[in-house]
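Chemist: Sequence:
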Amino acid sequence: MKRGVLAALLVAVIVALLAFYFIDVDVTDEGALPDVDVDVSAEPGEMPEVDVQTGSVDVGTETETVEVPDVDVEVDTEEAEVTVPSVDVEPAPE
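Under the UniProt record's numbering, the first residue of the sequence shown carries the number 1, and numbering increases by one thereafter.
What the hints contain is simulated information worked out from the structure, not anything from laboratory work. Treat the hints with care, since some could be wrong.
Stated by the list, open to error - What follows is a set of in silico ranges between Cβ atoms, one per label pair, in the way DEER data are often shown:
1) GLY60 <-> VAL36: 50 to 58 Å
2) THR83 <-> ALA32: 24 to 32 Å
3) VAL57 <-> ASP35: 19 to 27 Å
As the list claims (entries may be wrong) - Pairs of lysine to any residue, SDA-like flavour, derived with a Cα cap of 25 Å:
4) LYS2 <-> PRO85
5) LYS2 <-> VAL84
6) LYS2 <-> TYR21
7) LYS2 <-> ASP76
8) LYS2 <-> VAL66
9) LYS2 <-> ASP70
10) LYS2 <-> ILE23
11) LYS2 <-> PRO91
Glycine is no exception: its CB is placed at the ideal position from the N, C-alpha and C atoms.
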């Protein structure tokens, strides 16, 4: 499997796992189904009240030094500074 596909799959799995940790949903009112009689008149139902709190994600960039291949035919590598993404994740408050 190519490294790019493997990295994308790994990121997708991590995002899916963090989704369960990152969002806190509390149902504060159960709601009710409508009461219906035979002559098709109905009392309105009630939607549940839901309190949802999410965490925050800060995305930015940082400059890191990484080894990159030398452009010459030689197999040597040299260090170069590249800009890489940075992510700061804050989970939802309990």
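Chemist: Now, for every hint given, state plainly whether the structure supports it.
Modeler: Against the structure, the hints:
1. Checking the proposed 50 to 58 Å range against GLY60 and VAL36 shows it holds: the Cβ atoms sit about 54 Å from each other.
2. With their beta carbons about 54 Å apart, THR83 and ALA32 fall outside the hinted range of 24 to 32 Å.
3. Evaluation of the 19 to 27 Å hint for VAL57 and ASP35 yields a failure: the beta carbon distance comes to about 44 Å.
4. Between the alpha carbons of LYS2 and PRO85 the distance comes to roughly 22 Å, so the proposed pair stays at or under 25 Å and holds.
5. Taken as a hint, the LYS2 and VAL84 pair is honoured in the structure, with Cα atoms around 21 Å apart against an allowance of 25 Å.
6. Taking the CA atoms of LYS2 and TYR21, the gap is near 29 Å; set against the 25 Å cutoff, the hint is violated.
7. A hinted pair counts as satisfied when its Cα atoms are at most 25 Å apart, and LYS2 with ASP76 qualifies at roughly 23 Å.
8. For the hint linking LYS2 to VAL66, the alpha-carbon distance of about 21 Å falls within 25 Å, and the restraint holds.
9. As the CA atoms of LYS2 and ASP70 are separated by approximately 23 Å, the hinted pair is consistent with the 25 Å bound.
10. Using a Cα cut-off of 25 Å, the hinted pair LYS2 and ILE23 is violated, with the two alpha carbons roughly 32 Å apart.
11. For the suggested pair LYS2 and PRO91, the alpha carbons sit about 32 Å apart, so the restraint of at most 25 Å is broken.
Of the numbered hints listed earlier, those contradicted by the structure are 2, 3, 6, 10 and 11.
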